[in-house]
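According to our numbering, the stretch in the sequence shown is residues 107 to 670, in order.
Think of the hints as simulated: they come from the structure by calculation, not from any bench.
Cβ atoms here follow ideal geometry from the backbone N, Cα and C, with glycine treated the same way.
Be aware that a few hints might be false.
Claimed, not checked - Computed Cβ-Cβ distance ranges for the label pairs, DEER-style:
| hint | residue 1 | residue 2 | range |
| --- | --- | --- | --- |
| 1 | D317 | G192 | 11 to 21 Å |
| 2 | Y208 | R436 | 19 to 29 Å |
| 3 | E150 | F399 | 12 to 22 Å |
| 4 | Y208 | D631 | 54 to 64 Å |
Stated by the list, open to error - Derived lysine to any residue pairs resembling SDA-like cross-links, with alpha carbons at most 20 Å apart:
| hint | residue 1 | residue 2 |
| --- | --- | --- |
| 5 | K309 | T283 |
| 6 | K262 | R286 |
| 7 | K186 | A206 |
| 8 | K216 | D248 |
| 9 | K413 | M373 |
| 10 | K591 | V626 |
| 11 | K252 | E200 |
| 12 | K381 | H351 |
| 13 | K216 | E176 |
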Amino acid sequence: MNSIKISLLAAFLFLSVVGAASASAIDSSAIPNPADIGRIKPEEKMLRSRPKAQARAKEAGGLPSVHAPEGAEHIRFILKDIHITGTTIFSQQELDPLFADYLTTEISLKTAYDIAHKITKHYQHAGYFLSVAYLPDQEISDGTIKMQVVEGHIGKVHLPESLASNSLISSYVYEITQQRPLRAQTLETLLLLINDLPGLSAKGTLSELKDAHDGGVELTIETSEEQGTGLVSFDNYSSRFLGPHQGTLSYTDSFIPFHQTNIAGLMSAPTDKLKFLSLGHNIAITPDITFEFAGNHTQAAPGYTLKPFEIESTANFLSGSLRYQFLRQREQNLAFRVNLDMRNTTTESLNTEITQDHIRALRIAAEYDTIDSWDGYTIINTQFSQGIGGLGSTPEGDSNLSRQQASPDFSKIELSVTRIQALSEQWSFIMSAASQIASDPLYSAEEFGYGGQGFGRAFDASEIIGDSGVLGSLELRYSEWKEPKPVGFEPYVFYDMGRIWNKDSGQSARESGSSIGFGVRATTDFNMSANLGVAFPVNRDVITPIYGDKNNHPRLLFEITHSF
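All chains should be built: construct the whole structure from the sequences, respecting the hints.
Given below as structure tokens:
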């Protein structure tokens, strides 16, 4: 009897030990990167609102004519000199070379009008599109021509009440009336900046200003309210731990004049794996300065092989920034941004906290884009980030850091370049590159990742991560069937690669990956679009396939989107 009791006691103790062992919290280093709360950033997936239509000023005449009168080619004389009046931008000496070859030669009156046209083109080439040179009524007796230049400018601006009542905007508009002569770039910038104001669509019309004898014209700016825009999408871009299926909803609108609000949410399917909610609000301080506030909250409970560990993760993010539009043109834009943000992430396993990061950072960024004469569009973004040791940031050496050697006062520089190049009417390619260099080991959320829809389509987002790295991708597109009739198609092929380096001794010193694939995008005339693709891993296996258990099999990708 005693032996039975001893056996039962031994069995109970054994099961207790095994049960305790199986129920122990997972080590933070064992959590795969795609399931790490620091690497879960749905805000990077959210699509931006639709770009606004470009504002343009329409001309309605009012400038002197430079057309030669009938029979001017029959009136001939020896040209001795041309006296030009009305110029303030160019001196007589700067304009003389435009007609020097005609001096002391016989010309017709039509040629004199052609010279006036050359001077007008000289002004326009310099951007003074309202300026014109012409021949006033005169008698040419000694071969000397009098030529008048009207340096066009904005003499009056008519604004709608919604803009005129705003002192910052009206004073900004007033400045345009002080530029004499007016450059096209100045007017273009004004209209584009007004058109950029939240909730507004603007257009300008130039017309003759009555009783103006100095080249003044009237600018009438008309605005209309823009409706809110949004999108709904469903895809399988997430990892097996958090999806892979997920739905997205985003809506952007101007509920307050000169303010813009964006609300977005993302949820996994099934819904217990990932939930994300974000709010962004922009305030136009002046037409070229914007204050931007953003915040989001993420909850994650990774499943699949991590489900037994009952991992519960949360992340909260807040940021405030000032954005200055230094250059705003149709063909090129340059903006600067100063941003202060905070990110708090916490991960628990079986009710035991295993990681906690409180990150504070100051970031300075520049954003540049340009359209060039080679039918190409280039986007360049760069950002310097400086971590702040204070303001509630997690101290160095804390036992629950996501990366053991992470420093709160980290420094890093990021650079990304994208080139969209037309090869013909049917063919184009997109070439992208991104890189990051860090001075110190970084928190998980600040590391550089390869994998996901930007770079590494065969892999989960952040399949491999490091303190520094470089990424590249190339996509070739065929757009012959792109126009909706009612459905258009755009087939494509792509290749991408990435390499990362780590300073933290607890991670691999370097890793790399690459993938290749193809797909087709579909667009419709009823605001529906879809993307279906296949991505093949090239030089490394997928750590966790989203379907099945073959690590070297291709990844099937799909996305369906409806915009409204």
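Query - Satisfaction of hint between V626 and K591, Cα-Cα up to 20 Å - result: Roughly 16 Å separates the two Cα atoms, so the pair holds.
Report task. Sort out whether M373 lies within 20 Å of K413, counting only the CA atoms. Result -> The hint holds at about 18 Å.
**Report entry** 54 to 64 Å as the expected CB spacing between D631 and Y208, which holds or is violated
**Finding:** Because 57 Å falls inside the window, the suggested range holds.
**Report entry** Hint consistency between K252 and E200 [alpha-carbon to alpha-carbon, up to 20 Å]
**Finding:** holds (17 Å)
Query raised in the report: Has the given pair, K186 with A206, been kept, meaning a C-alpha gap of at most 20 Å?
Result: It holds: about 10 Å lies between the C-alpha atoms, which stays within 20 Å.
Query - Distance restraint evaluation - E150, F399, Cβ atoms, bounds 12 to 22 Å - result: The hinted range 12 to 22 Å holds for E150 and F399, with Cβ atoms some 18 Å apart.
Query raised in the report: Holds or violated: are the alpha carbons of K309 and T283 at most 20 Å from each other?
Result: holds (17 Å)
Report task. Check the following: the C-beta atoms of D317 and G192 are separated by a distance inside 11 to 21 Å. Result -> Distance hint for D317, G192 holds at roughly 18 Å.
Report task. With a cut-off of 20 Å on the C-alpha distance, tell me whether K216 and E176 pass. Result -> The given pair, whose Cα atoms are some 9 Å apart, holds under the 20 Å limit.
**Report entry** Restraint status (C-alpha distance of K262 to R286 at most 20 Å)
**Finding:** holds (13 Å)
Query - Holds or violated: K381 to H351, with C-alpha atoms at most 20 Å apart - result: Judged against 20 Å, a Cα distance of about 12 Å means the pair holds.
Requested in this report: Confirm or reject the claim that Y208 and R436 have a C-beta distance inside 19 to 29 Å.
Outcome: violated (36 Å)
The structure fails to meet hint 2 from the earlier list, while all remaining hints are met.
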